[in-house]
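Using the sequences and the hints given, assemble the complete structure.
Protein sequences appear in the order of chains A and B.
Be aware that the first sequence starts at 22, since it is given in the numbering used here, and climbs by one per residue.
Be aware that the second sequence starts at 12, since it is given in the numbering used here, and climbs by one per residue.
By construction, these hints were calculated from the structure, which means they are not laboratory data.
Take these hints with a grain of salt, some might be off.
What the hints assert, rightly or not - Going by beta-carbon spacing under 8 angstroms, a handful of chain A positions derived as facing chain B: (1) L37; (2) K55; (3) M58; (4) W65; (5) A69.
Claimed, not checked - Now the in silico label distances, taken between C-beta atoms and shown as ranges: (6) B:P357 x A:L39: 32 to 38 angstroms; (7) B:T216 x A:V63: 48 to 54 angstroms; (8) A:L39 x B:N153: 38 to 44 angstroms; (9) A:L60 x B:L308: 45 to 51 angstroms; (10) A:R48 x B:D309: 25 to 31 angstroms; (11) A:R48 x B:A444: 56 to 62 angstroms; (12) A:V29 x B:W225: 14 to 20 angstroms; (13) B:F462 x A:V49: 53 to 59 angstroms; (14) B:I355 x A:V49: 53 to 59 angstroms; (15) B:N153 x A:R48: 38 to 44 angstroms; (16) B:E237 x A:V63: 42 to 48 angstroms; (17) B:G222 x A:L24: 40 to 46 angstroms.
Stated by the list, open to error - Negatives, chain A to chain B, calculated, CB over 12 angstroms: (18) M22; (19) L24; (20) I25; (21) I28.
No residue lacks a Cβ here, since even glycine has one placed at the ideal position from N, Cα and C.
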Amino acid sequence: MRLIAKIVALTSLLLLTLPSVFYLAGRVSLDTVKWLMILATVVWFVSASYWMWPRAEISTDRQ
Amino acid sequence: MVVEERHHGQPPAEYEREPVPAKARLGLKEFVGMYAGEHCAGTELMIGPLFVAAGVSAFDLVMGLIVGNALAVLSWIFLCAPIATRARLTLYYQLEKVCGRKLVTLYNLANGTMFCFLAGAMITVSATAVGVWFDFKMPGLNDLYPNSFGWVVAALVVGALISIVAAYGYKMLADFANIAAPWMVLVFLVFGFVGLRQFVDAAGTEMNSLGDLWHLATTQIWKGGEPLAGQVKFTFWHVMFFAWFCNMAMHIGMSDLSVFRYAKKSWYGVASAAGMYVGHFMAWISASILYAYQLHLDPADTDVLPGPLAFRAAGLTGLLCVIIAGWTTANPTIYRAGLAFQAIMPKVSRFKVTLATGLIATIAGMFPAIAMKLLGFVALYGLILMPMGAVIFVDFWLIKKFGLQSNYAQLSGKTFNLAAALAWFVTLGTAWALVKFAGVQIFFVSLPGWFVAAIIYIAVSKIYQRKVHSA
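Set out below in structure tokens:
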């Protein structure tokens, strides 16, 4: 299940970024980019939460 | 930036007063991930635009960032990490051994105060996103005081929420910050792509090659020339020194001894490049493109407001990015400021201290002066903490060559090492005099300041250690 969540999460990051590349190339509208980004954002936070939470961490005590 | 870092997890209760053992040491990957996430924060959305407001040219910006960030990485590799992986102690324990407990208390006070104001700037950034929804009057580039009731309420609500979460659920939000970091980095990248296209369309040009991109950058985005009213003109040297020193407290100031004490090898300092070239290169450039586009559309619209900038480029996702970037970085900053203050008042509960610290940060966040003058504030932040880094460097590598004792406070039982204190105060006094009377800008005083601190520490130690020995 965690592997599926990881795959979905990483795919959502592609969905977050690629539309803006197409926009830069003049292939899609900015509105489309914005809609796909919010969709990708929802998918990322749901799937990445399942995949990454809680994660090993560096604790640094910098204060 | 700087400045603006995110912390991964609650500071541990272990290894606070002992070297990190071999079993607890970590690989390079952990440090790369940590630095990449930490240095892509809400304040990047202020710094990038402020470069544009400072009239920076494309060459000065790009080359200044490449060189300055490289110098920052080298500072981590050659100044901070070698001491961290040999002593394997937190900054605070190392400082206590050198400077004594009372002087460390003073350092904590300075550190906590700076963290409070930094968190205030992060609250300011997040509050600008609220303004997009509620449409109240927001501060302008040269505003020092809150300029509308709506702004005060927004900063108060955002600051109160961040402070309460920092006091109650620091760990949970730190975990959330880990999850948000990769998403946030990519949203910053999207800001850059979208901003570029908007420029291409607005300027009516084409972009089919790197040459076209550079032409657009030099003629439309970072045109150079005079800065906006009330701003300091930024050249290559300003950008280079700013990029090098904006995290000065961490590398030359040795705050990241606490991080790299966990590193298996000292060359893991190279991991800081992930933070520098993601957060302090890509993110700054992306954010600056958004602001340059705003000025291109309306040269009179000089307000640096991350919320509206991000919303224009990426809609709701952009706004979420501003809120989350501000929140996830303000949260650990308030928490750490609280820890610094609590070290001074150990009998007061961490909960109360964190809440009180959050209140101070919230009040600071209502005043846009810190965020709008962030370039200068970040330089000041590094400068104030830097001399203690010079003291640690000299104490670790050089002082025995002069026939003196290292870790003198520990050896002598002193709680206030006068040599270290004078190195700190006289360096700051010298820097202040250079800025005030010699007209040297604050971005340039830290480099000579390091040498001043090092020389004073050695010179006063020569007298002080002998005097104490003979007493």
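Which hint numbers does the structure go against, in order from smallest to largest? 6, 7, 9 and 12
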